[in-house]
Every structure is written in C-alpha cells, then in structure tokens.
Amino acid sequence: MRTLSTREISDCVYRLARKAGLTLTKSCRNALLSAENAETGAAQFALNAVLENEKVARREQMPVCQDTGMSVVLIELGQDVHLTGAPLKDAVDDGVRRAYRDGNFRKSICDPLTRANTGDNTPAHLHVEIVAGDKVNVCFLPKGFGSENMSRLYMLTPAEGREGIVNAIVETVKLAGSRPCPPVYVGVGIGGSFDGCALLAKKALLRDVGSENPRADVASIEKEALAKINTLGIGAQGFGGKVTAIGVSCEVAPTHIAGLPVAVNIQCHCVRCEKETL
Amino acid sequence: MKKLTLPLSADEIKALNAGDCVLLSGTIYTARDCAHRRIFELLDRGEKLPFDLKDAFIYYAGPCPAPAGKACGSCGPTTSARMNIFAPHLLNLGLGGMIGKGEMSEETRQAIQRNGRVYFAAIGGAGASYGNAVKTCECVAFPDLLSEAVYRMEVEDFPLVVAIDSKGNSIYKA
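Protein chains in written order, with numbering that gives the first Met the number 0: chain A, 0 to 277; chain B, 0 to 173.
Please note that a few of the clues may not be correct.
Just so you have them, the derived chain B footprint on chain A, three or more residues with Cβ under 8 Å [stated by the list, open to error]:
id: 1; segment: 31-45
id: 2; segment: 54-63
id: 3; segment: 176-184
id: 4; segment: 234-241
Label-pair ranges, simulated between beta-carbon atoms [unchecked claim]:
id: 5; chain 1: A; residue 1: Lys-88; chain 2: B; residue 2: Ser-8; range: 51 to 59 Å
id: 6; chain 1: A; residue 1: Glu-170; chain 2: B; residue 2: Glu-155; range: 38 to 46 Å
id: 7; chain 1: A; residue 1: Ala-158; chain 2: B; residue 2: Glu-105; range: 33 to 41 Å
id: 8; chain 1: B; residue 1: Gly-18; chain 2: A; residue 2: Asn-136; range: 43 to 51 Å
id: 9; chain 1: B; residue 1: Asn-91; chain 2: A; residue 2: Asp-119; range: 37 to 45 Å
id: 10; chain 1: A; residue 1: Lys-134; chain 2: B; residue 2: Thr-26; range: 52 to 60 Å
id: 11; chain 1: B; residue 1: Ile-84; chain 2: A; residue 2: Glu-128; range: 39 to 47 Å
id: 12; chain 1: B; residue 1: His-88; chain 2: A; residue 2: Glu-51; range: 34 to 42 Å
id: 13; chain 1: A; residue 1: Glu-51; chain 2: B; residue 2: Lys-1; range: 16 to 24 Å
id: 14; chain 1: A; residue 1: Asp-119; chain 2: B; residue 2: Ala-14; range: 45 to 53 Å
Per the computed footprint, the stretches of chain B lying under chain A, defined by three or more beta-carbons under 8 Å from a beta-carbon of chain A, are [unchecked claim]:
id: 15; segment: 44-52
id: 16; segment: 56-65
id: 17; segment: 120-126
FYI, nobody ran anything at the bench for these hints, they're computed from the structure.
Ideal Cβ placement from N, Cα and C applies to all residues, glycine included.
All chains should be built: construct the whole structure from the sequences, respecting the hints.
Next comes the structure, spelled out in structure tokens:
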C-alpha cells in the first residue's frame, strides 16, 4: 500500500491547469498547421491568427483563449494508493482555485439559475475511476462552452446502427455551424447509458488528434464521419473551406439490447489537455 | 489590410464588404449574456445606460483578468448567436455594430442591413493576441458580473473579418 497526500494531487492539478491554459496540445497544433496549408483566404487568415496567438500566449504568459473553461479533471486512482489529507474533491478544487488566480485565468463558473459567479472557477468537474496498481493518473481538460453548447446526445435505436451513428456525428457538426470555433475536434461516445455515453464522448477528447480507435470497425466510423464533415464547407471560423474538423475520436462501451446511445461532444480548435502520472 | 478607426462614418461602413480583413482601432464596449440582460432591464425601466448606444460598437467578450503591467488579459470573442435576441433592438436604437464570432440570425442580418451597420468577426481562440491589443480597459457597469461586466476598451489594430456587411451580405453559408 502506497500513501499519497492529496496535497500532491492538488499541486499536480495546479501545474496541469496552469500549463493547459497557455498551450495547445502538440497533435492539435500539428493538425492546425496542416489545415492552414490546405486553406486560402479568410479561413487561412483565421488559422494563421490562431497559431500566432499561441506564440503570443507563451511569450506574454496569457491564456490562449479567454474561455479558460470549466475545469474537467479525470483521475485514475490506483487501488493500492491510500490517500491522506484533505478530501480529494477539496484538494482538486484547491488546485483549480490557485491556478486560476495565479494564472489570471477567467472564472467562468456560475449558478445555473441566479448566474452568480463562484469567483474562483470551482467546483471542478471531477471524475474518479479506481484502477489497478499504485499510480495516480491525473488529466486536466479546460473545456470551453462555445463548443460544449453545440454538443448533442442521441438515443438511437439498434436498427439505426452504424449509418445512424455517422449521421448523428455529421448532423451535430452541421447544426453547430460557425458557432463552436471550427475546425472542431469531435469526441464521440457510442454505447453505455445516457450518462455514461456522454462521459465516453468527453474521454474521446483526451486522445491525440488524429489517433485511431484500436477497433477497426470503430476507426472506420471515425474516418467516414471526418470525411463527411469536411465536405460540409463550414471551414475555420465558418469562413468556408475544406477543414471543418481536425479529427473525430470515438470511444465505445457495451450498451443495452434495446438501445444505441450516441453522444457527440464538440471541442473547439483550441484543444488544451495536460496529463501527469503521480 | 485596411485600417479603420472608430467611430466609423456611414461611407466607411458602406465601403466594407463581407470577407474583407481589417485592423480596427478605437473605443469599444464589451457586453455578453448577463450584461445584455441588465441593459434591457435598464431600457425597460427607461433608465440611463452605462454608455451611449449611438454609433457604439459592442464586443461580445468576457476578458481574463489583466496580468501585472497590462491593461487586459486574454480577450477573444464569444459566440455571437446567443445575443441574437438582443442585437436587432439595439441596432434599431442606433448601435454602430457588433464584434463577435460565428453566424447570427436572419433577423439580426436584416437589422444590420436596415440600419446600415456592420458585424465584424474576431478570430475565436486568439484571445492572447486580442488581449495584447487592448490598450486601456475600464469597467463602466455591473462590476459584480466580473468578466461579464461592461468594459470600455481602447483597442489598437484588432484583426477582424467583415462577417455581415451593411448591404446584408454574409460570409457565412446560408
């Protein structure tokens, strides 16, 4: 049994949040560079601005996007780890609180009805999964809501099958249009339950842009959906063009014999995601 | 790239075409979801607004806090479509135009055309660059809304694309 203070997890969340706010993932940056080369006119102007912006962000130590997001924290906790100190949830929130204060990040979390801002970007949206071993994997995803707002959940019938899944993905991106800051990264959950499916879609966004699901039948859905999305012509910022999405990632889980849930979680072109193992 | 300084004359606005890339300087006001609601409450009660709408430009944005030595933190645009329920009325009251990101409704497009105004798209996800181009930033209303408050900003060379021009043409696909 390994003992670990939740203070270390709090400090880890702090480090990951600070870095994520200022940095695009490498796979996202590479995908945007390819898109910039493929486009012309206003779309190319927009992609160039986004890539230059990351350099400004690094130089000036300012967040790449003012929407520093809802703090989504996913933790895989080894079952041979004994946590000590403050409750895990409080430790994670403390890491978020300190990072958003010290990093001059925007505080974007509010009550859904009164709209009163919590003032420190807490609570984080925390998922904990117990896994084998004595390590703790921490992943920090600052999720902007321009894109989150454009996400959808479909409860398809089994008969709608593969074709229904591809149509749901393409329809979601089409309906989102220029609003979520395209070119988008599309995370898709297939299967599970109503709630589990949405979490699968979020987890799909943690994968590198351009990576393939190891299951060949799932990878072929990713490929076909991406190709169809990129015939929509929405382009960067909706200015028209060939690249409306930089990637589609699907994750699957067993579901009920009566159903086929499909969740489509839209991520803007600012893919920010940092991971660390403790 | 064409350089423009606010306020824009009717002729300057008329010369802008959807798809043009411009660098805009001058005074703008930020307002997003909650600030718009408050502005409409003031209008309903016939009270004075925090800034004169006449020929003013609203930037749909909520900045990050300013780091030491800077006027403003990261400050890119937010999704304009959420303000479709507010924009036509403000345009009818004399608003000069809007800066945001993404398509707006048919009703907003018509209001822009009818009033001879313009909607500029800023580049979403380029918040650090826009924040750097803000030279002064002062909260003029609703400070309790934090980043959603109304800020008066002097900006220099904001890179923008004309998204809906005064003739009603739009860069976005119908």
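Going through the hints against the structure:
1. Under the rule that three or more residues need a Cβ within less than 8 Å of chain B, the assignment of the segment 31-45 of chain A holds, with 4 such residues.
2. Interface restraint, the segment 54-63 of chain A with chain B: holds (7 residues with C-beta to C-beta distance below 8 Å; minimum three).
3. Coverage of a stretch by a chain is defined here by at least three residues with a beta carbon nearer than 8 Å to that chain's beta carbons; for the segment 176-184 of chain A and chain B the count is 5, and the condition holds.
4. Interface restraint, the segment 234-241 of chain A with chain B: holds (4 residues with C-beta to C-beta distance below 8 Å; minimum three).
5. Under the hint 51 to 59 Å, the C-beta atoms of A:Lys-88 and B:Ser-8, about 56 Å apart, fit the expected range.
6. Checked against the given bound of 38 to 46 Å, the beta carbons of A:Glu-170 and B:Glu-155, roughly 41 Å apart, stay inside it.
7. In this structure the hint that A:Ala-158 and B:Glu-105 lie 33 to 41 Å apart at CB holds, the actual value being about 36 Å.
8. The beta-carbon spacing between B:Gly-18 and A:Asn-136, approximately 46 Å, falls within the hinted interval of 43 to 51 Å.
9. For the pair B:Asn-91 and A:Asp-119, the supplied restraint of 37 to 45 Å holds, since their beta-carbon distance comes to about 39 Å.
10. Distance hint check: the CB atoms of A:Lys-134 and B:Thr-26 are about 54 Å apart, consistent with the given range 52 to 60 Å.
11. For B:Ile-84 and A:Glu-128, the Cβ-Cβ distance of about 41 Å falls inside the hinted range of 39 to 47 Å, so the restraint holds.
12. Separation of B:His-88 from A:Glu-51 is about 36 Å and conforms to the stated range, judged on CB atoms against 34 to 42 Å.
13. At about 19 Å, the beta-carbon gap between A:Glu-51 and B:Lys-1 stays in the expected band of 16 to 24 Å.
14. Under the hint 45 to 53 Å, the C-beta atoms of A:Asp-119 and B:Ala-14, about 46 Å apart, fit the expected range.
15. Only residues whose beta carbon comes within less than 8 Å of a beta carbon in chain A count, and the segment 44-52 of chain B has 0; fewer than three means the coverage is violated.
16. With 6 residues having a beta carbon nearer than 8 Å to a beta carbon of chain A, the segment 56-65 of chain B meets the requirement of three or more and the stated coverage holds.
17. With 6 residues bearing a CB less than 8 Å from a CB of chain A, the segment 120-126 of chain B meets the requirement of three and the coverage assertion stands.
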